[in-house]
Amino acid sequence: MYDAFLQDSGKIQMRDLKLKLLNGHEISAPKAYYYLTCHREENTGDDRSRTEILEAMNSLEAPTVYPMHPRNKSRALRLQNEHLYRNILLVEPVGYIESICLVNHAKKFVSDSGGLQREAFFAGKKCVTILNFVCWPETMVCSRNELASPDRNDILEKLSHSQSVDSDYKPFGDGRSAELIVDAISKNRFL
Numbered sequence: 015m016y017d018a019f020l021q022d023s024g025k026i027q028m029r030d031l032k033l034k035l036l037n038g039h040e041i042s043a044p045k046a047y048y049y050l051t052c053h054r055e056e057n058t059g060d061d062r063s064r065t066e067i068l069e070a071m072n073s074l075e076a077p078t079v080y081p082m083h084p085r086n087k088s089r090a091l092r093l094q095n096e097h098l099y100r101n102i103l104l105v106e107p108v109g110y111i112e113s114i115c116l117v118n119h120a121k122k123f124v125s126d127s128g129g130l131q132r133e134a135f136f137a138g139k140k141c142v143t144i145l146n147f148v149c150w151p152e153t154m155v156c157s158r159n160e161l162a163s164p165d166r167n168d169i170l171e172k173l174s175h176s177q178s179v180d181s182d183y184k185p186f187g188d189g190r191s192a193e194l195i196v197d198a199i200s201k202n203r204f205l
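For the sequence shown, my numbering assigns the number 15 to the initial residue and increments by one for each residue that follows.
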């Protein structure tokens, strides 16, 4: 996964990234933003959890880019209209390359996605994970990734913690796994 992240990180530049709002308008990503991915049933299945998460994101000093999972679209739009969230950009789903670009340039990251927690870690971005269990213990060091409940105050508190990035700490390798695997296969003539 780290190999792919490194390989695909430069494939699109922020200046070229276009986001499609749910209303159909296309926009450029803001210069400064938070990135939110939230799709798990425990965070999106009722208005209370989703509202707490959106309240936290809406109160930040920069906008939040929130690509919508198709099954969450109607509820998120309804809540945005009811609560007048003006600091949250609800956008159509983005592809892998676009998501990597968003991760690399975000101020901080809030997610309930296992894979995106790792990508935030790869990018050196602070991640707050809205789950009650740890997916990747390797990322839970030096406040790099912290668990939060779907509670506005808990999310904001965790976002306020500073992280420390140790460039020597590489629990997912150095980005050369594919090379090493091909080399091992070639040497053992498994082909």
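Since the hints were made in silico from the structure, they are not lab data.
Backbone N, C-alpha and C define an ideal beta-carbon position, used for all residues, glycine too.
One should not assume that every hint holds.
Below, a list of computed lysine to aspartate or glutamate pairs in the DMTMM-like style, where the Cα atoms sit at most 25 Å apart [as the list claims (entries may be wrong)]:
1. K87 - E112
2. K121 - D182
3. K121 - E160
Here are the in silico distance ranges between beta carbons for each label pair [what the hints assert, rightly or not]:
4. N37 - A192: 38 to 48 Å
5. E75 - H97: 13 to 23 Å
6. G59 - R190: 32 to 42 Å
7. E152 - G109: 51 to 61 Å
8. L35 - S181: 22 to 32 Å
9. S181 - R85: 51 to 61 Å
10. D30 - D61: 28 to 38 Å
11. I195 - E75: 17 to 27 Å
12. R62 - N202: 54 to 64 Å
13. R100 - S176: 40 to 50 Å
14. S178 - E55: 30 to 40 Å
15. R85 - E193: 31 to 41 Å
16. M28 - S176: 51 to 61 Å
> Of the hints given before, which are not true for this structure?
Replying inline: Checked against the structure, the hints that fail are numbers 7, 8, 9, 11, 13, 16, while the rest are satisfied.
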